[in-house]
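Please assemble the complex out of the two chains, which come individually in their own frames, going by the hints.
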Amino acid sequence: MLPAVEKKKAAPGEDILYLSVRELGKRIRLRQLSPVALAESYLARSERLNAQFNAYATLTRDLALEQAQAAEKEIAAGHYRGPLHGIPYAAKDLLAVKGYPTTWGAKPFADQSFDYDATVIEKLNKAGAVLIGKAAMIELAGGMGYRFASASLTGPAKNPWNEGCWTCGSSSGSGAIVSAAMAAFAIGTETWGSIICPSGFCGISGLRPTFGRVSRYGAMALAYSLDKIGPMARSADDCGLILAVLAGHDSKDRSSLPGDEAAFEYGGPAPQKLKIGWLTNAWKKIDPDIDTATQGAIAVLEKQGAVVEDAQLPEGPFDAAAGTIINVEGAAAFRDLIESGKVAELTDPLGRISGYINQQIPADDYMRAQQLRGICQQKMDELLANYDVVAAPTLPVAASALDANIEKELNFPDPIGGMGNLCGFPAISVPCGFTSAKLPIGILFAARVREDAKALAAANLYQAHSDWHTKRPPIS
Amino acid sequence: MRKEPVKDGKKLTRRDFARTAVVAAATATAALTPGSEAWARHIAAANGTPVPNHAGADDAASTRQAEIDGRVADVFRRYGDRLSAEQKTEVRRLAGELQKSLDKLRAYPLGNGDQPATVLRVVPDLTEVRRAPRR
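Quick mapping for you: the protein sequence lines, in order, are chains A and B.
For the first sequence, counting from 1, position 380 maps to 380 in my numbering; every step adds exactly one.
To convert a position in the second sequence, counted from 1, into my numbering, add 476.
In short, the hints are calculated from the structure, not lab data.
Treat the hints with care, as some may be off.
[Stated by the list, open to error] For lysine-lysine, the following DSS-like pairs were computed, each having C-alpha atoms within a straight-line distance of at most 27 angstroms:
| id | chain 1 | residue 1 | chain 2 | residue 2 |
| --- | --- | --- | --- | --- |
| 1 | A | K126 | A | K26 |
| 2 | B | K576 | A | K408 |
| 3 | A | K379 | B | K580 |
| 4 | A | K342 | A | K98 |
| 5 | A | K273 | A | K379 |
| 6 | A | K438 | A | K471 |
| 7 | A | K342 | B | K564 |
| 8 | A | K342 | A | K107 |
| 9 | A | K98 | A | K126 |
| 10 | A | K379 | A | K275 |
| 11 | A | K26 | A | K471 |
| 12 | A | K73 | A | K26 |
| 13 | B | K580 | A | K408 |
| 14 | A | K285 | B | K580 |
| 15 | A | K438 | A | K408 |
| 16 | A | K107 | B | K564 |
| 17 | A | K73 | A | K123 |
| 18 | B | K576 | A | K285 |
| 19 | A | K273 | A | K303 |
| 20 | A | K284 | A | K438 |
| 21 | A | K275 | A | K285 |
| 22 | B | K564 | B | K576 |
| 23 | A | K285 | A | K379 |
| 24 | A | K284 | B | K576 |
| 25 | A | K284 | B | K580 |
| 26 | A | K252 | A | K98 |
| 27 | A | K123 | A | K252 |
| 28 | A | K285 | A | K408 |
| 29 | A | K408 | B | K564 |
| 30 | A | K73 | A | K98 |
| 31 | A | K73 | A | K126 |
| 32 | A | K379 | B | K576 |
Just chain B, with the same shape it has in the complex (with noise of 0.2 angstroms):
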C-alpha cells in the first residue's frame, strides 16, 4: 500500500496532492518525490504559506507566477483580440490581485468536514411556479 505523504506531521489532502500535481506540471522545476525538499515547497506554495529558505521562496513565487500567467493566457486566448494594449496591462495587473485573494483563501485551513454553505432544496417550492425573469 503506498503511503501518504506527510508535511510537519500532517496528512496532506487529496486536494493538496491535486494542486501539487497542477504545480508541478505547470513550472516543471523539479522531480516531486513525495518527502523530500521539492515536494515541501511545492506544497507550502500551493498553500500559500511561507517558506523559510530563499530557494523555496522562489519556488513559490515562480508557482504563484505560473497560476497568473495561465490565467491571463487563457483571457487573452478568448478575448485577447478585443483587448488594447492598455487593457492587456490592466488585465494582467487583475490577474496579480486576484492571486493575492486566492492565496489568503487557501492559506486558511479546511478539512473535508468543513461543508461549503451552498444548499441544495431537495424539495423546490413549486406551488406558484412563473416564468423566469426575461428581457
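Isolated chain A (complex conformation) (with noise of 0.2 angstroms):
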C-alpha cells in the first residue's frame, strides 16, 4: 500500500509538463509527484499532439507505465535512484531499444527490431528513467542526403512554434518533443548539426558531447569517427544531469573515451567568471533578428562578469573536410543498402541517388581529409585553449518552411558547425530570443574537448538571467 502521500497526488496538469528535469525530479524524490502519473501525463499529451507534430515514430506505452511503475515502487521504499528517476523520455529512432521497432526513420528498415538495447538506453534504464517513445527522424540520419523536410519515413515533424515552418534535423522529432512537452527530454544524435539545429529551431536546450564521451553502441552508424549521442532538454542544467547518465568508457564502441576522460560528473549550476570568445566569421550573412538577440546574450554575460572579446576561427577547408569523411564513412556504413538497390525505396530524390556518387570519393581524399583533421584540431584547440568557451549565433537563420527545399534555403557554410564535428570538441545551443515571426534564436557555447563543463557552464549562467528556455509554443 502506497502512503498516504501519494494517494492525494491528482493527475499533474499541462505546466507540470514543461519543468526542467530537474524540478520534477525533485518532486518525485520528495513523493509530491508519482511517476506513474507523469507518464500517463506525458503519453496521453503525446498521443494527442503526435498527429499534429509528426514527432514521435512509436509511442512506447507498455514500457514506459512498467517503468514507471517499478520507478513508484522502489521510490516509494526508499530507493532513490537520482535526479532521472520517474523522467519520462523520448530515444531517437536509430537507439535500439529491445522489443520495439528501430526504423533509423527510413522506409526500408521499417520492418528493423534489434534484441537488445543501445548502452545509452541501458544507462537510462539504469537510472531509473522512463521510456515514452522513439523519437522521429530525417531517414538515416540525413547519411544519404536530403532536400526536404519530408525525407522521413513518418513525414515533416512540425514545428511546436509554427507548424509551418520544420524543427530541423535530423533529431527532428526530439527537438518537437522537448518543445512541445511531449516528454522531459529526449536523446538526439549528431554528425553534423543534428543535435544543434533542431534545438535552435526549437527554442530547447541541445548539448552535443565531445566525441567519444557517450558510446555509441546499439545506435545506426552514419560516420563512424563523427557520429555522438547527446540530450535535448529544457534548460543546459538538464543536458548536465543527463549527460552525467550517459557518459562513460565502453568497450563496445572503438571510439570510447577511456573510463576517466570519458566520465562526466555535474555539480551543477555554479557562479563562473568566464572567458568568452566571440566569433566574428561563424556566419557570413546573419538575420537581423538573430543578431540582435545574441548581442543581447552577450551583453547579459557582461553584466555577469564575462570578459568577451573577439575572435576567429581558423581558415581552412575544414568544412569540405568534414563533408567528405561524413560522405565516404556514409558510403561505407550504407553499402548494403547502396549496392542491394533498396536506396530506390527512399523518401527524398537527392536521397535515393548521393551514395552512388559518394562511392566514388577517391581513398586518398578521404586521407587527406583526415590530415586537414588533424591540422582543424591543432589550430581549433589553439583558439580554444585562450578562452573558457567560444559562442556565436546557432543559426544565422531561424526555421525554414515546411516545404522549403533545403539545399537551397540552409546553403551556406557552416564553419563552427563543420570543424566542431571534425574535431570532436562539445558545444551547446540554448534559446536567446525571437524573431519578428515569432520564431526562436539560439545561442551556441563550444568548448575544448572533454569541456563539456565549461560550455555547460556559459549556458547556465545565461540562463540564470533569462527566461527564453522558460518560454513555451503556442500550441492549441
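Below, the structure written as C-alpha cells:
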C-alpha cells in the first residue's frame, strides 16, 4: 500500500509537463509527484499531439508504464536512483530498444528490430528513466542526403512554434517532443548539426558532447568517426544532469574515451567568471533579429562579469573535409543499402542517388580530409585554449518553411558546425530570443574537447539571468 | 640519378606525380615532360590552383571535367539500369558538386608529415566483447 501522501496526488496538469528535469526529479524524490501519473500525462499529451507534429515514430506505452510503476515502487520503498528516476523521455529512433521497432527513420528499415538495448538506453534504464517513445527522425539521419523536411518514414516534423515551419534535422522528432512538452527530455544524435540545429529551431537546449564521451553501441552508424549522442532538454542544467548519466567508457564502442576521460560528473550550475571568444566569422550573413538577440545574450553574460573578446575561426577547407569524411563513411556504413538498390525506397529524391556518387570519392581524398582534420584540431585547440568558451549564433536564420528546399534555403557555409564535428569538441545551443515572426533564436557555446562542463557553465550562467528557455510554444 | 620535378622552386610530391600521371592518362592532351609548360599546367590543375594563361585554364577545366566524367561513367556502369533519365542528370550535377569540394581539399598544402586523424588502437579493449549489432 502506498503511503498517505501518494494518495493525495492528483494527475499533473499540463503546466507540470513543462517543468525542468531537475524540478520534476525533486518532486518525485519528495514523493509530491507520481512517476506513473507523470508518465500517463506525457503519454496522453503525446498521443493527442503526435499527429499534429509528426514527432514520434513509436510510442512505447506499455514499457513506459512498466518502468514508471517500477520507479514508483522503488521510490516508495526508499530507493531513489537519482535525478532521472521516474522521468519520462524519448529516444531518437536510431537507438536500439529491445522489443520495439528501430526504423532509422527509413522505409527500407521499417520492420527492423534488435534484441538488445543500446548502451545509452541501458544507462537510462539503470538511472530509472521512463521511455515514452522513439522520436521521429530524418531517414538514416540524413546519411544519404536530403532536400526536404519530408525525408522521413513518419513525414515532416513540424515546429511547435509554427506548424508551417520545420524542426530541422536529423533529430527532428526529439526537437519537437521537448519543445511541445511531449516528454521531459529527449536523446538526439549529431554527425553534423543534428542536435544543435533542431535545438536552435525549436527553442530548446541541446548539448553535443565531446566525441567519444557517450557510447554509440546500439546506435545506427552514419559516420563512424563523427557520430555523437547527446541530450536535448528544457535547460542547460538538465543537459548536464542527463550527460552525467549517459557519459562513460564503453568497450563496445571503439571510439569510446578511456574511463576517466569519458566520465562526466555534474555539480549543477555554479557562479563562474568566464572568458568568452565571440566568433566574428562563424556566419557570412546573419538575420538582423538573430544578430540583435545574440548580441543581447552576450551583453547579459558581460553584465555577469564575463570577459568577451572577438575571436576568429581558423581559415581552411574544413567544411569540405568534414563533408568528405561523412560522405565516405556514410557510403561505407550503407554499402549494402546502396548496392542492393534498396536505397531507391528512401523518401527523398536526393537520398535515392547520392550514395552512388559518394562511393566514387577517392581514398586519397578521404585521407587528405583526415590530414586536414588533424590540422583543424590543432588550430581549434589553440583558439579554444584562449577562452573558457567561444560563442556564436546557433544558426544565421530561423526555422525554415516546412516545404522549403533545404539545399537552397539552408545552403550556407557552417564552419563552426563543420569544425566542431570534425574535431569532436562539445557545444550547446540554448534559446536567446525570437524573431519578429516569433520563431526561436539560439546562441551556441563551444569549448575544448572534454570541457563539456565549461560549455554548460556558460549556458547555465546565461539561463540563470534570462527566461527564454521557459517560454512555451502556442500549442492549441 | 633522375632529377625530381620542380614547380615554382618546390619539390613535387609523389602524390603530385601520381595525380599528374592519372590526369595525363585521362586527358592525353600533351606530352608531359617534367619542367615543360604542359607539365606545370597539369600540376596546377591537379592541385586545383589557378592557371595564369587561357590555354592553361582550358587544360585545368578539361582535367576536372575528365575526373567528373570518369565518376559519372562508373556510376552509370554499375547502377545505370536503375536510374531514370532525370536521376542520371542529377548524378551528373552531384558529380560536379563533389568535384568542387574535392578541389578545395586538394588546394590546401599538405606534407608527408601531416598525419591523418585516423586511429589504430593496437590494444583493443576486449574486456567485454559482445556481438556486433545486427538487424
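Going down the list of hints, with the structure as the test:
1. Restraint check for A/K126 and A/K26: the C-alpha separation of about 18 angstroms stays at or below 27 angstroms, so the hint holds.
2. As the CA atoms of B/K576 and A/K408 are separated by approximately 17 angstroms, the hinted pair is consistent with the 27 angstroms bound.
3. The suggested pairing of A/K379 with B/K580 holds, with an alpha-carbon distance near 18 angstroms, which does not exceed 27 angstroms.
4. Our distance criterion of 27 angstroms between C-alpha atoms is met by A/K342 and A/K98, whose separation comes to about 25 angstroms.
5. Restraint check: the Cα-Cα separation between A/K273 and A/K379 comes to about 25 angstroms, which is no more than 27 angstroms; the hinted pair holds.
6. At most 27 angstroms may separate the alpha-carbon atoms for a hinted pair to count; A/K438 and A/K471 meet this at roughly 11 angstroms.
7. With a C-alpha separation of about 17 angstroms, the suggested pairing of A/K342 with B/K564 holds against the 27 angstroms cut-off.
8. In summary, the hint linking A/K342 to A/K107 is supported, as the alpha carbons are separated by about 9 angstroms, within the 27 angstroms threshold.
9. Of the supplied pair hints, the one linking A/K98 and A/K126 holds, its CA atoms being roughly 15 angstroms apart against a limit of 27 angstroms.
10. Proposed proximity of A/K379 and A/K275 is supported: the alpha carbons are some 19 angstroms apart, at most 27 angstroms.
11. For the given pair, A/K26 sits about 21 angstroms from A/K471 by alpha-carbon distance, which is consistent with the 27 angstroms threshold.
12. For the proposed pair A/K73 and A/K26, the alpha carbon gap of about 17 angstroms is at most 27 angstroms, so the pair holds.
13. Restraint check: the Cα-Cα separation between B/K580 and A/K408 comes to about 21 angstroms, which is no more than 27 angstroms; the hinted pair holds.
14. This hinted pair checks out: A/K285 and B/K580 have alpha carbons roughly 21 angstroms apart, not beyond 27 angstroms.
15. At most 27 angstroms may separate the alpha-carbon atoms for a hinted pair to count; A/K438 and A/K408 meet this at roughly 22 angstroms.
16. The hinted pair formed by A/K107 and B/K564 meets the criterion: a straight-line CA distance of about 23 angstroms does not exceed 27 angstroms.
17. Under the criterion of a C-alpha separation no larger than 27 angstroms, the hint pairing A/K73 with A/K123 is consistent with the structure, at around 20 angstroms.
18. Taking the CA atoms of B/K576 and A/K285, the gap is about 22 angstroms. The hint holds against a cut of 27 angstroms.
19. Proposed proximity of A/K273 and A/K303 is supported: the alpha carbons are some 11 angstroms apart, at most 27 angstroms.
20. For the hint pairing A/K284 with A/K438, the CA-to-CA distance comes to about 23 angstroms; that is within 27 angstroms, so the pair holds.
21. Between A/K275 and A/K285 the alpha-carbon distance is near 25 angstroms, which keeps this suggested pair within the 27 angstroms criterion.
22. Proposed proximity of B/K564 and B/K576 is supported: the alpha carbons are some 19 angstroms apart, at most 27 angstroms.
23. Taking the CA atoms of A/K285 and A/K379, the gap is about 24 angstroms. The hint holds against a cut of 27 angstroms.
24. For a cut-off of 27 angstroms, the pair hint linking A/K284 to B/K576 stands: about 19 angstroms separates their Cα positions.
25. For the hint pairing A/K284 with B/K580, the CA-to-CA distance comes to about 18 angstroms; that is within 27 angstroms, so the pair holds.
26. Pair hint A/K252 plus A/K98 holds up; C-alpha atoms about 17 angstroms apart against a cutoff of 27 angstroms.
27. Note on A/K123 and A/K252: the hinted pairing holds, with a Cα-Cα distance of about 14 angstroms set against a maximum of 27 angstroms.
28. Using a Cα cut-off of 27 angstroms, the hinted pair A/K285 and A/K408 holds, with the two alpha carbons roughly 15 angstroms apart.
29. For the given pair, A/K408 sits about 21 angstroms from B/K564 by alpha-carbon distance, which is consistent with the 27 angstroms threshold.
30. Between A/K73 and A/K98 the alpha-carbon distance is near 23 angstroms, which keeps this suggested pair within the 27 angstroms criterion.
31. The straight-line distance between the Cα atoms of A/K73 and A/K126 is roughly 15 angstroms, inside the 27 angstroms bound, and the hint therefore holds.
32. Simply put, A/K379 and B/K576 have alpha-carbon atoms about 24 angstroms apart, close enough for the 27 angstroms limit, and the pair holds.
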